[in-house]
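S.K.: Chain by chain, the residues run as shown.
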Amino acid sequence: MANPSWGMVIDNDKCTGCNACVIACQSENNIPINEEDHFTQRRPIQWIRIERYWEGEFPNVKARFIPVLCQHCADAPCEPVCPVYATYHNDQGLNVQVYNRCIGTRFCANGCPYQVRHFNFWEPEWPDSLENQLNPDVTVRTRGIMEKCTFCVQRIQRTKRESEKNNTSIKDGDRQLNPACVNGCATDALVFGDFNNPESKVSKMKKKELGHGGHGDHSDHDGHEEHDEKRGYHLLEEYGTHPSVVYLKKVDYESKTVEKH
Amino acid sequence: MIPGDFQFYKPPKNKLILFGVIGFIGFVIFIGVALLATFHISSWIDKPVIFAAEAPDQPIAFPHTVHVQELGLDCTFCHTNVTKGASASIPAVNLCMSCHTQLGDGSTEIEKLRDIHAKQDVIQWTRVHRMPDHVRFIHEAHVKRFSGSRQVVEKITDSSNQIRIIEAKVINPNAKIGETLDIAASGTCSICHGDVSKMHKVEQVRTLKMSDCVDCHRENNGPTDCTTCHY
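As given, the protein sequences belong to chains A and B, one line each in that order.
Residues in the first sequence are numbered from 229 upward in steps of one, following the working numbering.
Residues in the second sequence are numbered from 117 upward in steps of one, following the working numbering.
Everything labelled a hint here was simulated from the structure, so no lab data went into it.
Be careful, since some hints might not be right.
[What the hints assert, rightly or not] With a straight-line Cα cutoff of 27 Å, these simulated DSS-like cross-link-like pairs (lysine-lysine) come out: (1) A:K399 to B:K260; (2) A:K393 to B:K260; (3) A:K242 to A:K477.
[What the hints assert, rightly or not] The following residues of chain B were derived to be distant from chain A, with all beta-carbon distances above 10 Å: (4) G120; (5) G139; (6) I145; (7) A169; (8) V209; (9) L211; (10) M213; (11) V238; (12) S265; (13) L297; (14) D298; (15) C308; (16) G310; (17) H346.
[What the hints assert, rightly or not] Calculated Cβ distances over 10 Å to all of chain B for the following chain A residues: (18) P305; (19) Q382; (20) S391; (21) K435; (22) H462.
Because the structure is a prediction, the values reported are computed rather than measured.
In this text, a Cβ means the ideal position worked out from N, Cα and C, and glycines have one as well.
Turn these sequences into a full structure, and let the hints guide you.
M.R.: If you want it as C-alpha cells, here you go:
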C-alpha cells in the first residue's frame with residue numbers, strides 16, 4: 229500500500245471556539261505553560277490556536293473562529309530556508325521538525341505565512357505538581373529551538389507499531405491515531421485521516437467540499453456550477469503552499485437569505 | 117655598562133613565591149582543561165576514556181553472572197516490559213523478594229535488599245544506558261524484529277569485533293550460513309547490550325550513538341526517516 233498522506237479537515241461551521249483542542253495539544257505535547265507575560269511579548273507557544281474574528285456592528289455582532297495549526301504544506305515555505313535541514317517533508321506528508329538538528333535561526337518562522345512555528349525563547353518550566361503529567365513519548369524542547377505541530381507523530385508511530393504487531397491495517401478515525409486536538413474536539417469540527425486512502429473520511433470530505441480528492445491533485449476549481457455549494461478552501465491559498473489541512477467555511481444562513489432576497 | 121658586569125636578576129623571595137603560586141595555579145588549570153578535553157573529545161568520538169570509562173557502582177551489587185549464567189534466568193523474567201513496550205523496565209523489589217525471602221541468607225547485598233523491602237522503598241539504581249531526551253528507542257519493536265525463527269544469511273565482524281546483524285544474522289557465533297534458528301526474545305539483547313551474563317557490573321558496550329543506530333537500520337532495511345526515532 230502506498231504511503232499515507234496525513235491531513236486534516238476543519239469544519240468552521242462546527243467550531244465553537246471552545247479552545248479544547250488548544251488544551252489537549254498543550255497537555256499531549258509537553259508545551260510549556262503560557263503566562264500572561266508571554267502573550268504580551270507575543271511569544272506564546274500554541275501549536276494550535278483559535279483565531280477569533282468579530283463580524284458586524286454591536287447588536288448584530290458575530291464571533292467567528294478559525295483553528296489554525298501547522299498546515300503541513302506540500303510546498304512548505306519553511307523547508308527550503310532551513311540551513312541545517314532540520315525541517316523537511318517526509319514520505320507520509322508530514323512536515324517534520326527535527327529538534328536535535330535545529331540551531332534556532334528562526335528563518336522558518338519568518339517564512340511561515342500561517343504563524344504556526346514557535347520559538348522557545350525560554351527554558352520550559354512546569355510547576356512541580358505538573359512534572360509527572362509530562363508525556364514521555366514527546367521530547368521536551370529546550371531553549372533556543374523551533375517547534376510546531378507534528379500532527380501528533382508519536383501517536384501515528386505508536387498506531388503504526390501496534391498495527392504491525394497485530395497484523396492489522398490502521399483504522400480510519402482511530403482514536404489512538406488521531407491527534408490530541410481531534411480527540412479533544414467536542415463537536416467533531418476537526419477530522420484527521422489519510423488523504424491517500426480514498427475510503428477515508430477526510431478524502432471523502434475533501435472530494436465533496438473541495439472538488440478533488442487525493443493528495444497531490446491541486447488543480448483549481450473548474451468553474452463548476454455548484455461552485456458556491458462547495459465549502460472547502462485552503463488557508464492563504466494564494467501563496468501556493470498546498471496545505472494538507474482543508475478548511476470548510478462557515479455557512480451563514482442569515483446572510484445567505486439576505487443576499488438572495 | 118662594562119662588559120662582564122652583567123648580573124642575573126635575582127627576584128626577592130616574596131616575588132619568587134608569587135611566581136610559584138601563579139605557575140602552580142596555571143598548571144592546575146592546564147591539567148583540568150586537558151582532562152576535560154580528553155573526556156569530551158573521546159566521548160564525542162567513541163566512549164569516554166576517563167571519568168566515566170568504568171561501569172558505575174550500583175546501590176546493590178547485583179550479579180548478572182549468578183542470575184543469568186548460573187541460574188539460567190531469562191532476561192524477560194525480570195525485564196518484563198521488554199517485549200511489551202518502549203522501556204525494558206527494571207523489576208520491582210517484590211519480584212526480587214519472591215526468591216530472596218527464602219534464599220541468600222548471610223549475604224550483605226541481600227540484607228540490603230531486604231532492608232529496602234522492609235522500608236517499602238525502591239532501589240535507586242544508577243542508570244547505565246541513557247538515550248538523550250530527543251531519542252525514542254522502542255525495545256519491543258527491536259526485540260520483535262530479531263527474535264523468532266530466523267535464517268542465518270550473512271555474518272560479518274566489523275573492526276570493533278561486534279557481530280552486526282544483517283537480515284537474519286544471529287548473535288550465535290557458531291551458526292552456519294543457511295541454518296534456521298529459533299531466537300528467543302532474550303537472545304536479541306546482546307546485540308546492543310553485550311553479553312550481560314558475564315558482566316559483574318553492567319557497563320555500556322556499544323557507543324549507542326546515532327551512527328550506531330543508523331548503520332544497523334541501513335543494514336537491516338529499517339526505516340531511516342527522522343520521525344522513526346525523533347519526535
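S.K.: For this structure, which hints from the list above don't hold up?
M.R.: Numbers 17, 19, in rising order.
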